[in-house]
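There are 2 protein chains.
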Amino acid sequence: MALPDVTKDTQGSGLTSVNPDLASERLTASFCVPRLTAVLDGGAERTRVRRVVVDVIESDPVFSRENQYFQSQNERYEAAVRKAVHVRKKMQEMGWSEDGPESVYVYRALSGDVAFLLHRVFMRSISVLGSDKQVAKWIPLASEYQLIGSYAQTELGHGTYLQGLETTAVFDISTQEFILNTPTISAMKWWPGDMGRSATHTVVFAQLYIHGKCYGVHPFIVQIRSLQDHSLCPGVIAGDIGPKMNFEHIDNGYLMLKNVRIPRENMLNKFCEVQPDGTYIRRGSQKINYFTMTSVRISLIADEVILPLMKACTIAIRYSVVRRQSKLKPGEEEAKILDYQTQQEKLLPQLAAAYAFHFINNYLHELFNRGYREIQGRNFDSLPELHAFSSGFKAMVSQYCTSGVEICLRACGGHGYSLLSGLPSLYTKILASCIYEGENTILLLQTARFLIKCFTAASAGQPVPPSVTYLAATKPGKCPAKDKLDFLSPDIYTEAYQHAAIRLISSTAAKLQDLIQSGVERHEAWNQCTVQLVQAAKAHCHYITVKNFVETVEKLENTAGIQNIMKRLCDLFALHGIFSNAGVFLHDGYITGAQMDMVTASFLDLLGIIRKDAVPLVDAFDFTDKNLNSALGSYDGQVYQRLYEWAQKAPTNKQISPAYEKYLKPLLHNKLSKL
Amino acid sequence: MALPDVTKDTQGSGLTSVNPDLASERLTASFCVPRLTAVLDGGAERTRVRRVVVDVIESDPVFSRENQYFQSQNERYEAAVRKAVHVRKKMQEMGWSEDGPESVYVYRALSGDVAFLLHRVFMRSISVLGSDKQVAKWIPLASEYQLIGSYAQTELGHGTYLQGLETTAVFDISTQEFILNTPTISAMKWWPGDMGRSATHTVVFAQLYIHGKCYGVHPFIVQIRSLQDHSLCPGVIAGDIGPKMNFEHIDNGYLMLKNVRIPRENMLNKFCEVQPDGTYIRRGSQKINYFTMTSVRISLIADEVILPLMKACTIAIRYSVVRRQSKLKPGEEEAKILDYQTQQEKLLPQLAAAYAFHFINNYLHELFNRGYREIQGRNFDSLPELHAFSSGFKAMVSQYCTSGVEICLRACGGHGYSLLSGLPSLYTKILASCIYEGENTILLLQTARFLIKCFTAASAGQPVPPSVTYLAATKPGKCPAKDKLDFLSPDIYTEAYQHAAIRLISSTAAKLQDLIQSGVERHEAWNQCTVQLVQAAKAHCHYITVKNFVETVEKLENTAGIQNIMKRLCDLFALHGIFSNAGVFLHDGYITGAQMDMVTASFLDLLGIIRKDAVPLVDAFDFTDKNLNSALGSYDGQVYQRLYEWAQKAPTNKQISPAYEKYLKPLLHNKLSKL
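Line order of the protein sequences matches chains A and B. Residues in the first sequence are numbered from 1 upward in steps of one, following the numbering used here. Residues in the second sequence are numbered from 676 upward in steps of one, following the numbering used here.
Quick caveat, the hints were computed from the structure, so don't treat them as lab data. One or more of the hints may lead you astray.
[To be verified] As a list, the in silico PhoX-like pairs of lysine-lysine whose alpha-carbon atoms are at most 25 Å apart:
id, chain 1, residue 1, chain 2, residue 2
1, A, Lys-329, B, Lys-1104
2, B, Lys-1186, A, Lys-671
3, A, Lys-429, B, Lys-1104
4, B, Lys-765, A, Lys-482
5, A, Lys-90, B, Lys-1337
6, A, Lys-90, B, Lys-1340
7, A, Lys-662, B, Lys-1287
8, B, Lys-1340, B, Lys-1004
9, B, Lys-1128, A, Lys-674
10, B, Lys-1104, A, Lys-137
11, A, Lys-137, B, Lys-1340
12, B, Lys-765, A, Lys-665
13, A, Lys-258, B, Lys-1324
14, A, Lys-626, A, Lys-90
15, B, Lys-1128, A, Lys-671
16, A, Lys-453, B, Lys-1004
17, A, Lys-674, B, Lys-808
18, B, Lys-1186, A, Lys-511
19, A, Lys-511, B, Lys-812
20, A, Lys-665, B, Lys-812
21, B, Lys-1324, A, Lys-429
22, B, Lys-808, A, Lys-329
23, A, Lys-484, B, Lys-1186
24, B, Lys-808, A, Lys-213
What you are looking at is a predicted structure, and each value in this text was computed from that prediction instead of being measured.
Whenever a hint applies, use it, and build me the whole structure from the sequences.
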């Protein structure tokens, strides 16, 4: 039979020919693809560095993800530990430092499929919260992997509300030790990565008690496993929390402590200390802790949220020009599914969003870096704004991108549902980003609290941070657009977004005020407004994202057609947002029904325009086939051959199931081999 | 250590005490829970039958799902085959027939986790499409499992567009055989259940050729594996398509045929026949095939779509009264998370939707049964309406419920993300319902085509089916509501939904007409309207769902408080739909901004009201703990204990990972056991 020989090695240098339907899409790009890649990377030099890193990682078989979709949780974990140990060696060999430009690309090239990320958080928390002496003791050991650290904050019964943590650390003056305990089952530490099977040490957050008085939550370094044989230390019960929707490679763990004693020196004591006589001393600002959370939220957006959406778009869009189904015109050949308006409407707004969020991520990093410089100069003024931004954008971007990945998955029909498409694992992983590092609804409410405060201040003529001065602006009540082309003007749609954000914030502030004035208690009034506060916070983030996209496009060079195509993507992102949240804009008549029809018309027109460049726009993300790890999304578009070849490697095809002998054979008609 | 002893056997008769926070929710139900259960079951007698079936199934260890979350694809498959063989035996023992009232409950009690569902489709297709002689030959063999059948329609390159199938069946007069071939890789059969490892036979859909002329797609019975040793027949290549997002227990397969010869008698020939001399004869109506698809779509809605949402609501709502987090009021204890407005806004509309869809499912079954009776009387008039309804509701309900399950999952935070919560597998399974048996967008476009046709007919004064006579109605241009209480009037909101559906259908019909009149070709014009056509079809289905919910509530007895609580759920479903699709209602000013504020106020008020009955409302679904298989959702609310106990059973805790010896031990500091 000739069929199975159609393709060659699909993971290696591989297939020779590009599917002609996909190839033809690349002939007509309206812009220079490598130029756009360089813009996305932040310069051609960084593209070069990235590609070097990718080559180094992908050419090493230890880092292969070829069998990932067939592996059990145990196998994934073992591979991730192996990779973590190997990558350290590799980086040393290459002379790449943890702080160097290569580091971020190493993690990306591994697609995050590596152990000991919490070991890094362990190190970071000691660096930030530990005294010089503590840093000097622990960091070198950790850097060399002479111990494996974890970070035990979340408990079975408490996630976001840290004050509620139940683990206790009681100071025993007589022995100069802290005695750590898990008083109830809900106090068990639950979820910390690297803790279920790997960690020898962890930073435990516990309520500090001295002489029976509680001083609140503090961090303590606790050894949990022997360094000699990896057995659990006395009084420690720990293990793996079992299967999850993704992250099979990570040993998220549980931990119970029963009268575990640690020396006084193991409380991280840069900002607070318990002296030998039990005196509690607090020094310096606690606000810097705040900043650590802010930094984590901002740092995860690119790799854990935006990149997965970019990958999903790449897979779904390439597949949608290879897949042909049904006919657009009777008598013609079957059409590429990307030529159907409904398919464009599913995928192209996600593509535009991936670009929009890439640019807002740059903006957040600038804001963060500026804030960091101020903090180094002991100026903490920007912290509330940074906190509000990191919270709101983490929530808004992760929610949007998660839904975007799901849309891409569904848009690939049955084949998208196969793990071999790569889309299910992108989805199940990005979904977690809506939950970890602050549940999204709670984060949006923190942003809303900041916005309400700023709105009140701005209304009273007091100064507010630059990003929210717009709240003070009085705006015209009507959108001036006269025909559908007017909605391709960034001023028109940016104003509309601004107007909507102000309206939602001001109307919710008014409702809150009314409730309080009518005698409802403040906390209860707040709770009664939270559904609308979440809407308001989202509208603010959406507005800033559109505004930033517009400003980014203005700054782009127009050579190579890049400014032009980015302008269209920006228009699409903005109009799709108005189209799909029409009620927000129609509510007070700022946009009329007739204008909404213009928005719809312009939005649908843009789909047809961007469709032409869809493949070059995902090619510009510059993912390798190994990085995508998708039978549907490879550069050559040999979709069906890859699905077939990869399926054959599945364990279900390597074992004759005992089910036949045990259950079927006794039943099946077996007098004749053939009926 | 005392902690691990807190609970007893959690899968068996189990825990003795109900969590007090959950228990207190059950004391204040405004209605009689068993009475509502009986309403949902369609009578107390059916509740009794259901419970007998559930008891029988759940007390048999073969059907246990206890280790499901820890099993590999191979293990799941083996268990599913074992269950399929055992359930047949069990039903014989109990005297339950396939057509009896118990049958549907058996499948539900197994949570669909059983093999050979496609074997049933194999049998159904022979019953419907086969001649009496074929039925007499094959059905007895299949009923006894003397062969295992599958149904091979979908190909690697073709799903929804059946005319595009590439497999060929060429009639060879000299031998009186059909020669089946897979001419290209994309022609490979791909996805059929039970085919990858189990089936001995399958119904293959292939293009029929006689004397070089193509007669279109026809069904053929093909043996693919030996009945003696289960080896593949000559010319057959088949296997498993590998890992998917769910359905690990099903051996979805691939199949290639190379000159496979089958006797002339193996073409299913009730409606078409090839005579010995090659003469092709068509007889009877093809429309009945149509009806089979309709019947499958309607039959899957209850078990595969609505039940998963009911389960997800049960899990998330029970968990949300056990989970306490943060404080609503300073100084008080931490609040149940269901007391936060944002949590109510996530979960309670899903609960209302589960009820709304349960009732629309009843409506669809009545419609279907009426249509079936007509068809038996050779009256095919209702087929277009039935097709439009089954397509549109399959799409709308599966989309809504999939998103509802995802909301429930996310609303449980980190613990929802654990497989042990039961929510991830509910989500990954229900997601497939958006794709299989017709991709949702394509189905909605079929409904839209029917609606446009009916709208045009109604506008011209021609008769249309009763369900769409509303399209002819001229409606007042404004919603008459004056305050928020008016929006609790079913007339007010039903009219609003009707108005919105008519507006979307008529405006899209007008756009289509305009495009065609301006010279755009008909197919191209259709494509340019598809985004809006999909909206229109959804609006129609949403309207019918609301209307049917209202009518159902009217017919309910008001004893035991049931009508009252159902009325409130109906209000919530309707107002949530207006609140979250505000643009649709504001667009032409039918509802004004001020009225939308009333909708919002009433909607938020309802959340607080229904919150009080939330737990009794999910208790009424009457799922057993074994059926839910969720550490978060059990009746007793012992959430944390179960998570802990179940996690310990994970394979990750049963094996000392080789990763330690291989990769960690060489690195770890091991001169001292303790640092």
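For each hint, the structure was consulted:
The hinted pair formed by Lys-329 of chain A and Lys-1104 of chain B fails the criterion: a straight-line CA distance of about 35 Å is larger than 25 Å. The suggested pairing of Lys-1186 of chain B with Lys-671 of chain A is violated, with an alpha-carbon distance near 65 Å, which exceeds 25 Å. Restraint check: the Cα-Cα separation between Lys-429 of chain A and Lys-1104 of chain B comes to about 17 Å, which is no more than 25 Å; the hinted pair holds. As the CA atoms of Lys-765 of chain B and Lys-482 of chain A are separated by approximately 71 Å, the hinted pair breaks the 25 Å bound.
Proximity of Lys-90 of chain A to Lys-1337 of chain B is assessed by CA-CA distance (about 17 Å); at most 25 Å being required, the pair is judged to hold. For the hint pairing Lys-90 of chain A with Lys-1340 of chain B, the CA-to-CA distance comes to about 19 Å; that is within 25 Å, so the pair holds. A hinted pair counts as satisfied when its Cα atoms are at most 25 Å apart, and Lys-662 of chain A with Lys-1287 of chain B does not qualify at roughly 51 Å. The hinted pair formed by Lys-1340 of chain B and Lys-1004 of chain B fails the criterion: a straight-line CA distance of about 51 Å is larger than 25 Å.
As the CA atoms of Lys-1128 of chain B and Lys-674 of chain A are separated by approximately 50 Å, the hinted pair breaks the 25 Å bound. Taken as a hint, the Lys-1104 of chain B and Lys-137 of chain A pair is broken in the structure, with Cα atoms around 50 Å apart against an allowance of 25 Å. Of the pairs offered as hints, the one joining Lys-137 of chain A and Lys-1340 of chain B holds, with about 21 Å between alpha carbons and a cut-off of 25 Å not exceeded. Our distance criterion of 25 Å between C-alpha atoms is met by Lys-765 of chain B and Lys-665 of chain A, whose separation comes to about 19 Å.
About 22 Å separates the Cα atoms of Lys-258 of chain A and Lys-1324 of chain B, which keeps this hinted pair within 25 Å; it holds. For the hint pairing Lys-626 of chain A with Lys-90 of chain A, the CA-to-CA distance comes to about 19 Å; that is within 25 Å, so the pair holds. The suggested pairing of Lys-1128 of chain B with Lys-671 of chain A is violated, with an alpha-carbon distance near 56 Å, which exceeds 25 Å. For the given pair, Lys-453 of chain A sits about 20 Å from Lys-1004 of chain B by alpha-carbon distance, which is consistent with the 25 Å threshold.
Taking the CA atoms of Lys-674 of chain A and Lys-808 of chain B, the gap is about 18 Å. The hint holds against a cut of 25 Å. About 40 Å separates the Cα atoms of Lys-1186 of chain B and Lys-511 of chain A, which puts this hinted pair outside 25 Å; it is violated. With a CA separation close to 73 Å, the supplied pair Lys-511 of chain A and Lys-812 of chain B exceeds the 25 Å bound. With a CA separation close to 21 Å, the supplied pair Lys-665 of chain A and Lys-812 of chain B stays within the 25 Å bound.
At roughly 24 Å between alpha-carbon atoms, Lys-1324 of chain B and Lys-429 of chain A fall within 25 Å of each other, so this suggested pair holds. Under the criterion of a C-alpha separation no larger than 25 Å, the hint pairing Lys-808 of chain B with Lys-329 of chain A is inconsistent with the structure, at around 42 Å. Among the hinted pairs, Lys-484 of chain A with Lys-1186 of chain B is consistent with the structure: their alpha-carbon atoms are about 15 Å apart, no more than 25 Å. At most 25 Å may separate the alpha-carbon atoms for a hinted pair to count; Lys-808 of chain B and Lys-213 of chain A exceed this at roughly 87 Å.
In summary, the numbered hints that this structure violates are 1, 2, 4, 7, 8, 9, 10, 15, 18, 19, 22, 24.
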